[in-house]
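*Asks:* Line by line, the protein sequences are chains A and B.
Mapping to our numbering: the first sequence position 33 is 33, numbers consecutive.
Mapping to our numbering: the second sequence position 326 is 326, numbers consecutive.
Simulated from the structure, these hints should not be mistaken for laboratory data.
Identical copies carry no separate label here, and so any pair may be met within one copy or between two of them.
Using 20 Å as the maximum straight-line C-alpha spacing, the simulated SDA-like pairs for lysine to any residue come out as follows:
| id | residue 1 | residue 2 |
| --- | --- | --- |
| 1 | LYS485 | VAL215 |
| 2 | LYS219 | GLY200 |
| 3 | LYS501 | ASN99 |
| 4 | LYS495 | GLU216 |
| 5 | LYS501 | ALA489 |
2 protein chains.
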Amino acid sequence: MHSRAILHLRSYTTKTAVPLTATRFPSIKRNPAFKTLDSNDIAAFKKILPDETSVVDGTDPDALLPFNQDWMRKFRGQSQLVLKPKTSHQVSQLLKYCNDHRIGVVPQGGNTGLVGGSVPVHDEVVLSTQAMSRIRAFDQESGILTCEAGCILESLDHMLAEKGYMMPLDLGAKGSCHIGGNLATNAGGLRLLRYGSLHGTVLSMEVVLADGTIVELGKPLRKDNTGYDLKQLFIGSEGTLGIITAASILTPLKPKAVNVAVLGVSSYESVQKLFQEARGHLSEILSAFEFFDASCMALVQKHIATSRLPFDTAAQFYVLIETSGSNKDHDDEKLTTFLDSVMEKGWVVDGTVAQDATQVAAFWSIRESITEACAKEGPNYKYDLSVPLPKLYGLVTDMRQHLSQVGVMTDSMSGKPFVKQVVGFGHVGDGNLHLNVIASEWSKDIERAIEPKVYDLVQTAHGSVSAEHGIGLSKTIYLSHSKTKDAIAMMRSLKQTFDPKGILNPYKYFPNKE
Amino acid sequence: MHSRAILHLRSYTTKTAVPLTATRFPSIKRNPAFKTLDSNDIAAFKKILPDETSVVDGTDPDALLPFNQDWMRKFRGQSQLVLKPKTSHQVSQLLKYCNDHRIGVVPQGGNTGLVGGSVPVHDEVVLSTQAMSRIRAFDQESGILTCEAGCILESLDHMLAEKGYMMPLDLGAKGSCHIGGNLATNAGGLRLLRYGSLHGTVLSMEVVLADGTIVELGKPLRKDNTGYDLKQLFIGSEGTLGIITAASILTPLKPKAVNVAVLGVSSYESVQKLFQEARGHLSEILSAFEFFDASCMALVQKHIATSRLPFDTAAQFYVLIETSGSNKDHDDEKLTTFLDSVMEKGWVVDGTVAQDATQVAAFWSIRESITEACAKEGPNYKYDLSVPLPKLYGLVTDMRQHLSQVGVMTDSMSGKPFVKQVVGFGHVGDGNLHLNVIASEWSKDIERAIEPKVYDLVQTAHGSVSAEHGIGLSKTIYLSHSKTKDAIAMMRSLKQTFDPKGILNPYKYFPNKE
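Only chain A is shown next, with the shape it has when bound in the complex (with noise of 0.2 Å):
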């Protein structure tokens, strides 16, 4: 979960125009099939977009650049070529061009990924979904909101919020993301303790397959089980099989009361045993669990002026609860139950309830600035594992103690690039942890100290090496990991079936054949 601060980041990264793909993935051989764009596909591009905003080419470096590179500067690819189509019937023309000729395609919404999966590898074509964001329809009644792929998931919030509902997903780049983007990589984030995956939430899906078919995925209603889900399958597979052009999904009524609450506690047992208190006395209306230790509020302290810690007594670990409700009076006596208990128990070193929306605002966004307070201490190798609770935090103490005995937790006084500091932080409701190692400069030595071990740590603990952000371009060769030869070879095989020139997102999601 990165920082709401991410247009501020992009801003300032794509200024400093150092290629930093090279320096931290093995080259990846460009595919000799993939045919070289030439004038003849310019021209073929351009008269199916007419709108000369609809292109942009190699005439502009600086304006493909934003489309080549990720906002983290960590992937960089070599498109000459963005597209901006408006229409599905464009989406269309365009994939059934690329794919007679053999065309790669790299889709791209928000491009806030962290794993690299919506910048080109190569020379690949981006298809922008920049252009496709008028809302379809939205029934009053049903919290039913249909709508295309560009939209930017903030937006959808805020006019769902004048009508009494709310996007059933929240996320740090919700100003910049799209929701096809989103659907793509399955994105979870801060609301999925209360009210699911996307796998869940979305009714229905229009999607153009690799040869320029478009195909309704399902219908706009809570139930239809007429076929396979097809849906289903878009949902996080970043763009190989086909592009999401528009979607249903079933939105929550906006709740009428929300608490916040910031916690100090002196341990991860005391963490989860928190959570489990939480889930007894707040259940239905608990909307988040948030967790991050010390060393993440230390930073935030350090580098973000406008967050403060809210209580004077500091801790080992912080946790961060929201409660969603319809009752304001009920949801709070809920709360004072709970924070009773707790702190009769002595599980709690210190911690305060925002009194206001202003401070749950404030508290928010302790939480969400840790992402942006990280990449200001130094290069961060990130890390978005699912673990069962009890093995969670077991991960960040692991890793420390593995990096100082391979010896890259020096100090800075040996000359050589060293780790900083290892943080951990995520949702504790999803077991969801990210681990932030922050180094002093980013080097092959500290991401082999790194990797494989952290993978292998996740395997051990029966956890996946990609909670929410997906596989992209750097996750590739640790699928196998979390996923057994047979359901790989299944994948391939779906792969195979709607993608046979392997047109769309080359490079990525799936690990080089042996």
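Since chain A is already given, all that's left is putting chain B on it; use the hints.
*Replies:* Below, chain B alone, put in the same frame as chain A:
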């Protein structure tokens, strides 16, 4: 949704050994590519399943009947062999043998389906999950249950209740249906409004593919974004892509307080207004919103001795509202506020709130007795439709009008088969209507009067021809009312990819090719 009395129904229906398939469905030609079983095959199966209780063969036709016939006696196959493996490894060996020899296989759970999906058509082998009912794991902290396909839904719910949890789904057939069948048919039922569909609550699955490959799809984690979410394909695939042998399911905490109210209202418009009001007032504690018309209530009063109307005033429609929460006082207050509001607005004719657990069960039994009551009145042509809420009950009135116009709602004096009643009930919260046409006897003329008219009406209303019952054998020809040509082509590609010899649940799910 059929009745809790399903076991009883089955016991009396299997006594009357009249094959009814022929009277209601056009004959389906046996696929000559399938091998006819011989003694070598039987010997091979017996070698894989050495326990003699694991194989039921043609030496005892009575023992085969319950596997060949559905509980409504609408569908009857001619299988001569039932296999009851005890382990996934045995399932694997059996499927490998059947695939190698091209022997058709029908996976069967509790055989409680309503569309003929779980019984053979010709001489396919029945692979029953009856002997696979182990709990593999239950995690008290997270509520994640891992169990085998043959576990009975109600048994799981009872087991979980002792641990403070519950299954996220509930349906009338709970006493007989297997969780594997629930998954394979994407069962909806009574708790979907609150806990969402199985697409959101199933975390992982063990599946055996047609060629015998045992594949683990996902892990028992809340979040796992590593590759295509393959398990989703099997949810609702009705045994056509593989056999589900085990699954991990996220189970919710059992609520501490449950309230049930039954209200009478004078119009369908009031049902809708009540639902919107309930969403606002009851919000996070609303766990069911069911409705049934006066005809349903009259049939329950007539045929089910134990079910009484809980108040005196007759109404055109009845609504059953359930709340589930963690604080009885809060829930009572919310419910009272809601009831005061709707009474004051004049939307409710009469109503009552259950005073204790016995009354809760009694009120639910009215709703759950409807299927049994309808069945006692005569043969039922049953339709399970998803329709946007404003148009939902219009389907019932339109069908009544249509059947009158075409002259099949004559009285019994004519001597010809006739339609006695058209009744409607279902899950308002899910936009799911159960429409039953109750006839004096099974008749091709009546069937032709209803179909395809009912499906045309659904298509016009942008609904689904199967909300939760699935496709099975009885809805294959109407699949195209809910799915586009391209979506059906994608389904066929998937089937071809994972079951190229077509051995799994043949003749079902897909429309015959033109």
